[in-house]
Amino acid sequence: AQSVTQLGSHVSVSEGALVLLRCNYSSSVPPYLFWYVQYPNQGLQLLLKYTTGATLVKGINGFEAEFKKSETSFHLTKPSAHMSDAAEYFCAVSDPPSNTGKLIFGQGTTLQVKP
Amino acid sequence: EAGVAQSPRYKIIEKRQSVAFWCNPISGHATLYWYQQILGQGPKLLIQFQNNGVVDDSQLPKDRFSAERLKGVDSTLKIQPAKLEDSAVYLCASSLRGQVNTGELFFGEGSRLTVL
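Heads up: the protein sequence lines correspond to chains A and U, in order.
Just so you know, the first sequence maps onto residues 2 to 116 in my numbering.
Just so you know, the second sequence maps onto residues 7 to 122 in my numbering.
FYI, nobody ran anything at the bench for these hints, they're computed from the structure.
Keep in mind that a hint or two might mislead.
One side only, chain U facing chain A, incomplete, derived with CB under 7 Å [unchecked claim]:
id, residue
1, 47
2, 49
3, 114
Under the rule of at most 27 Å between Cα atoms (straight-line distance), these lysine-lysine pairs were calculated in the BS3-like manner [claimed, not checked]:
id, chain 1, residue 1, chain 2, residue 2
4, A, 70, A, 59
5, U, 50, A, 50
6, A, 69, U, 77
7, U, 68, A, 70
8, A, 59, A, 115
For glycine and all other residues, C-beta sits at the position ideal for the given N, C-alpha and C.
Sequences and hints are given; from them, build the entire structure.
Following this line, the structure appears as structure tokens:
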């Protein structure tokens, strides 16, 4: 069965510092991978996704993530944090063979950005 | 383009009472999902519709939860009777038929349920 593990339920960085949110997955086949962001009292919004092709994917708001099959990881990074990045971030996996679009989410990481 | 609409945004009920949530997906989106998000956890899929047919309801507690999507457009999720552990945010999401296998979902703002 597929699963997603996000290391660290809370991450705190200073404004301008590197953001690194960790995600590891388990899947019997190469999965599709996603990062979603949730701002307070709002729905989830897609940040970026990996399906096939280039393993380094760029998303909105300066975020990027790299699919590393050997490490079963899909960590999210941003070179310089901004106060507006404070939110909850969810890593998710989808099993392509099932072709249903069903997503399995990690437990989430809350990003705090300090001035 | 209008997003996914959900109502009510907030609901407080006592245990054993019933509650219903409504969702209107983005126009033209054939696939509709209901997720349950308990505080401190990631969203968990309850049920998935393709048009008005159920694709996956394996994690829906069918003794108390029900959902329908009449006419393949908007959907209603009902809980009867509610339990304390049903306190959560209920998220509705939709996707285009052609994007089903890429997992790009569009989420509503959610309906927050508190069961006392």
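Now the hints, each set against the structure:
no.: 1; hint: 47; verdict: holds (5 Å)
no.: 2; hint: 49; verdict: holds (5 Å)
no.: 3; hint: 114; verdict: holds (5 Å)
no.: 4; hint: A/70 x A/59; verdict: holds (18 Å)
no.: 5; hint: U/50 x A/50; verdict: holds (19 Å)
no.: 6; hint: A/69 x U/77; verdict: violated (42 Å)
no.: 7; hint: U/68 x A/70; verdict: violated (37 Å)
no.: 8; hint: A/59 x A/115; verdict: holds (24 Å)
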